[in-house]
Amino acid sequence: MSLTPADRTTTTGRGPGAALRGSGGGHQGPGDLTLTSIVLFTLGAYGVAAGAATGQEAVVAVGVFAFTLFVVGIVWPIASLARLGVSAIAPTDATVGDSIELRITITGRASRVDVRALDPPATWRSCAAPTDGRLPHSAARRGVFRSVRIQLRTSAPLGVFVRTRTVRVALPAPILVAPRPNVARAILQPIPDERVSSASPLLVRGGGDTVRAVRPYAPGDAARLVHWPTSARRGEIVVREHEPPPALGIALVVDLRGPTPEAAASLAMGIGTATLAAGGVVWCGTFEVDQPVGEMVSDARALGRRLARASSGPPPEPPADWPAEVVHA
Amino acid sequence: MSSSESPGRARKVAPVFRIVAIPAAVALGSVGGIAAEHGGLPWITGAVAGAVAAVLGVLALPSIPTRRATVVLLGLGGLAALRHSSFAGADRSWLLLLWAAATMLTLVFVDRADAETVPALADGVPIARRWPELARVGGVIALVVVVVAVAFVPTVTARLGRHVWPGALPSGGDIDGAPSSLRTSSQLSLTSRPRLSGAVVFTVDASHPDFWRGETFDEYHGSNWSNSRPGRVDDSLAHDDGNRVNVAPALYDVGAQSGAEFRQTFHVETGYTEVVFAAPSPRVVETDRVLNRRSDGTVQVAGSSGFGKGAVYTVISRSLPVTEAKLRAADASAIPEPVLQQYVQSANSKATTARVAALARSITAGATNTFDKVRAIETWMGENLQYSLNAPLSPPGDVVADFLFHTRVGWCEQIASSLVVLARSIGIPARLATGFAPGARDSLTGRFVVRERDAHAWAEIYFAGIGWQGFDPTAAVPLAGDAKAGGSWLADARHNAIPLTIAVVLLGLAVFAAPQLVAASRRRRARKASWSAGALHRLERAGRKAGRARAPSETPHEYARALADRLGDDRLDAVGATLDAALYSAHGASEADRADADAVLTSIRP
Numbered sequence: 002m003s004l005t006p007a008d009r010t011t012t013t014g015r016g017p018g019a020a021l022r023g024s025g026g027g028h029q030g031p032g033d034l035t036l037t038s039i040v041l042f043t044l045g046a047y048g049v050a051a052g053a054a055t056g057q058e059a060v061v062a063v064g065v066f067a068f069t070l071f072v073v074g075i076v077w078p079i080a081s082l083a084r085l086g087v088s089a090i091a092p093t094d095a096t097v098g099d100s101i102e103l104r105i106t107i108t109g110r111a112s113r114v115d116v117r118a119l120d121p122p123a124t125w126r127s128c129a130a131p132t133d134g135r136l137p138h139s140a141a142r143r144g145v146f147r148s149v150r151i152q153l154r155t156s157a158p159l160g161v162f163v164r165t166r167t168v169r170v171a172l173p174a175p176i177l178v179a180p181r182p183n184v185a186r187a188i189l190q191p192i193p194d195e196r197v198s199s200a201s202p203l204l205v206r207g208g209g210d211t212v213r214a215v216r217p218y219a220p221g222d223a224a225r226l227v228h229w230p231t232s233a234r235r236g237e238i239v240v241r242e243h244e245p246p247p248a249l250g251i252a253l254v255v256d257l258r259g260p261t262p263e264a265a266a267s268l269a270m271g272i273g274t275a276t277l278a279a280g281g282v283v284w285c286g287t288f289e290v291d292q293p294v295g296e297m298v299s300d301a302r303a304l305g306r307r308l309a310r311a312s313s314g315p316p317p318e319p320p321a322d323w324p325a326e327v328v329h330a
Numbered sequence: 234m235s236s237s238e239s240p241g242r243a244r245k246v247a248p249v250f251r252i253v254a255i256p257a258a259v260a261l262g263s264v265g266g267i268a269a270e271h272g273g274l275p276w277i278t279g280a281v282a283g284a285v286a287a288v289l290g291v292l293a294l295p296s297i298p299t300r301r302a303t304v305v306l307l308g309l310g311g312l313a314a315l316r317h318s319s320f321a322g323a324d325r326s327w328l329l330l331l332w333a334a335a336t337m338l339t340l341v342f343v344d345r346a347d348a349e350t351v352p353a354l355a356d357g358v359p360i361a362r363r364w365p366e367l368a369r370v371g372g373v374i375a376l377v378v379v380v381v382a383v384a385f386v387p388t389v390t391a392r393l394g395r396h397v398w399p400g401a402l403p404s405g406g407d408i409d410g411a412p413s414s415l416r417t418s419s420q421l422s423l424t425s426r427p428r429l430s431g432a433v434v435f436t437v438d439a440s441h442p443d444f445w446r447g448e449t450f451d452e453y454h455g456s457n458w459s460n461s462r463p464g465r466v467d468d469s470l471a472h473d474d475g476n477r478v479n480v481a482p483a484l485y486d487v488g489a490q491s492g493a494e495f496r497q498t499f500h501v502e503t504g505y506t507e508v509v510f511a512a513p514s515p516r517v518v519e520t521d522r523v524l525n526r527r528s529d530g531t532v533q534v535a536g537s538s539g540f541g542k543g544a545v546y547t548v549i550s551r552s553l554p555v556t557e558a559k560l561r562a563a564d565a566s567a568i569p570e571p572v573l574q575q576y577v578q579s580a581n582s583k584a585t586t587a588r589v590a591a592l593a594r595s596i597t598a599g600a601t602n603t604f605d606k607v608r609a610i611e612t613w614m615g616e617n618l619q620y621s622l623n624a625p626l627s628p629p630g631d632v633v634a635d636f637l638f639h640t641r642v643g644w645c646e647q648i649a650s651s652l653v654v655l656a657r658s659i660g661i662p663a664r665l666a667t668g669f670a671p672g673a674r675d676s677l678t679g680r681f682v683v684r685e686r687d688a689h690a691w692a693e694i695y696f697a698g699i700g701w702q703g704f705d706p707t708a709a710v711p712l713a714g715d716a717k718a719g720g721s722w723l724a725d726a727r728h729n730a731i732p733l734t735i736a737v738v739l740l741g742l743a744v745f746a747a748p749q750l751v752a753a754s755r756r757r758r759a760r761k762a763s764w765s766a767g768a769l770h771r772l773e774r775a776g777r778k779a780g781r782a783r784a785p786s787e788t789p790h791e792y793a794r795a796l797a798d799r800l801g802d803d804r805l806d807a808v809g810a811t812l813d814a815a816l817y818s819a820h821g822a823s824e825a826d827r828a829d830a831d832a833v834l835t836s837i838r839p
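Residue numbers (this note's numbering), protein chains in the order written: chain A, 2 to 330; chain B, 234 to 839.
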């Protein structure tokens, strides 16, 4: 399987947040003026101008009233959101496309505020601050994410101006989003490496075809293992003792240097998952942060974490004599 | 924010939006009331129409987002408020205030209703309850609006307001339809009933009320008055500086020559007037019209180019602020002979009958000075005569005599004429003045609203060394020296701006700080009551300073360990263990451990 270079996706990222709690830093987003603001501004400007020109205090008063609502309606939401802080807690593992739940805490005071997670934008949820709560979020991209973007908005109390503020919540421990596995066949090929046999608990011993020796029958031995010719010759029941079967599995070399790294990662995840499910062993070679990494993976979650961390770069060579499956982006 | 309503087959306004209809109805009803009155209809008609329109607009247009419909309605209400707020009708400023309050409430309600359509955060604190939020927001915004209005409205209008404006060109209908009180005339009939409708004639920006004098009459002819020196139309006054016209004071009118200045700006609301109304006595008129002056010190528009609707002119008058004591002392000076000749012994005036003179002498028998004599006559008139607009018209002849001795019921012209004739019969210089009473002050704008029915006649008595002083036997008007300056709410508030600002700040602090102070006080008390709560608070505070807040799921010991790693201070581990023991163990933490923990918490520097 040929893969081409992939972007490095082990990043800071825009996406699902990880466990632990971070204080909200983040940048201020813009706001939107509403129809109400246009109406109030128009009334205010016209009232003050016309009233001032004619000296009619009542008209000026109406204009000043409208202007005051306009200004208060802008300043209030800005001041409200500026005082809010956000922190979040999230699960540590996810798969692309999964819906996860962020546990967020909003500090500060606000009578009405809407909140949602970004990347991708989720549905707004309303609350009052300070508060804790659960915020749904979907894991959209593979990678390692050390922060999550939370968006707050409010137009309270007058609906003149919708102030929106985006906060990047730093996460001390990353969340690892594994690729969603493609449907693939398991690849089970004999692996010569003895250390693999001892490392893999999934290998079935005593199930090979080659008979190594015979031994006297012991209670519990299967009847199908009785070697009748020898039993007849010796006059006692003996059973066959087989050579252990060879370890089966694959060295999965994932090279994400190409235009379709996500497709390659998904394919690798599919092959690895199927192989592991079939009882095979998987050695996974990827490029992480600044070096190639090649290790055995014990289960699908470990494989997902490896592939979550995988980025564009030269993968390591597979172990000698191992059957290798190279997945290119 | 979000869409207003969720789409549905029923096409009904979402229930959370229905409450918006209430303040919206009040807002549009209020401004509808003002508009209706402006249009000559009962205010309640407009109020009901506005309220119904608002309710229908909010509730009966499900195809339009309620927020949008409401804002459009409020915009229309605002335009109506701008259009009609300056209407000088009855003092409906309370309706304008009601409109303002209801508009603000509507905005809060509709925005809140919009927020209620957003799904709530799971396990989160729901948005604040409607009424506490409304009270808090409403209070703050009202305070801000009041402060801003007090600070800016008088300033803006004083600096930028029109003091001279040509107004509309009067049409033939306007001129023909103008009542006699708005036309100049050399004669005033006492045998015709005046037209006294509720139509607004003009409004006046002035610091205090006064008679808005138009003309004076010095010759009494029994059934009418005339002016012996009406002036010539071509005797026009020159504009000195732009729109400024200087008016020479009348001869011997000391107050008009050296009195205190009194500035008034007249906003003409009627279709036509050719009289330049002003508080006695006008010295400067700012206008674009050509004026001419009469010998009595009054001013009129030259020719037929009177003021039309919307015209604005400003007058600076001069008069001496007098008191009763000053008026009583005025007899010490001699009255100029020309004044006596014109206003007491005029050969053209109808001779005072002996019966009238005898009545005047009997009324003033106990009075020793001019002022007390005039007061005595006023008192007698108050006790013996009745005011009624439905009084029978006097027959041709001596109207005053008929009024004093026969009917004893009349209106201002007959009452004031009687005072003048009675005063003249005992040698007091007097003349009849016509114009308008001060009118009702609009409590919001501070302007005096003058209507046709405020047309008035009063007497002016000459005091040596002071000049002409008005006396109104029909209505009580304070003497100029005793008059109190007044103003609108805005002007009054601005006058007390500093204490008002301090009060607003204190109130704001009380509103906002009180809950936080109470909460902080409770926390302090809790910390004092519990060593573990206090120590945990200190630990968390140190952690926050170090950029590591405590997660809800972390025990104090776990948190302390994390902080120990972050700060490189292993002693925090022991602090956490002590805290856990204090909080969760049956025996608590020992005194020694607590002391050690306190020492560590005191010494750490994040």
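Careful: at least some of the hints might be erroneous.
Among the chain A residues that face chain B by a calculated CB cut under 7 Å, a handful are [what the hints assert, rightly or not]: (1) D33; (2) L34; (3) T37; (4) A46; (5) V61; (6) A62; (7) D115; (8) R117; (9) L119; (10) P122; (11) W125; (12) S127; (13) S139; (14) A141.
Residues from chain B that face chain A, not an exhaustive set, calculated with beta carbons under 10 Å [to be verified]: (15) L331; (16) M337; (17) A348; (18) I360; (19) V555; (20) A558; (21) Y620; (22) L622; (23) N623; (24) L626; (25) R758.
Quick caveat, the hints were computed from the structure, so don't treat them as lab data.
All C-beta atoms, glycine included, are put in the ideal place defined by N, C-alpha and C.
Hint check results:
{"no.": "1", "hint": "D33", "verdict": "9 Å, violated"}
{"no.": "2", "hint": "L34", "verdict": "12 Å, violated"}
{"no.": "3", "hint": "T37", "verdict": "5 Å, holds"}
{"no.": "4", "hint": "A46", "verdict": "11 Å, violated"}
{"no.": "5", "hint": "V61", "verdict": "5 Å, holds"}
{"no.": "6", "hint": "A62", "verdict": "5 Å, holds"}
{"no.": "7", "hint": "D115", "verdict": "6 Å, holds"}
{"no.": "8", "hint": "R117", "verdict": "10 Å, violated"}
{"no.": "9", "hint": "L119", "verdict": "16 Å, violated"}
{"no.": "10", "hint": "P122", "verdict": "13 Å, violated"}
{"no.": "11", "hint": "W125", "verdict": "5 Å, holds"}
{"no.": "12", "hint": "S127", "verdict": "4 Å, holds"}
{"no.": "13", "hint": "S139", "verdict": "15 Å, violated"}
{"no.": "14", "hint": "A141", "verdict": "21 Å, violated"}
{"no.": "15", "hint": "L331", "verdict": "12 Å, violated"}
{"no.": "16", "hint": "M337", "verdict": "7 Å, holds"}
{"no.": "17", "hint": "A348", "verdict": "5 Å, holds"}
{"no.": "18", "hint": "I360", "verdict": "5 Å, holds"}
{"no.": "19", "hint": "V555", "verdict": "30 Å, violated"}
{"no.": "20", "hint": "A558", "verdict": "37 Å, violated"}
{"no.": "21", "hint": "Y620", "verdict": "33 Å, violated"}
{"no.": "22", "hint": "L622", "verdict": "31 Å, violated"}
{"no.": "23", "hint": "N623", "verdict": "36 Å, violated"}
{"no.": "24", "hint": "L626", "verdict": "41 Å, violated"}
{"no.": "25", "hint": "R758", "verdict": "21 Å, violated"}
Of the numbered hints given earlier, the model fails hints 1, 2, 4, 8, 9, 10, 13, 14, 15, 19, 20, 21, 22, 23, 24 and 25; all others are met.
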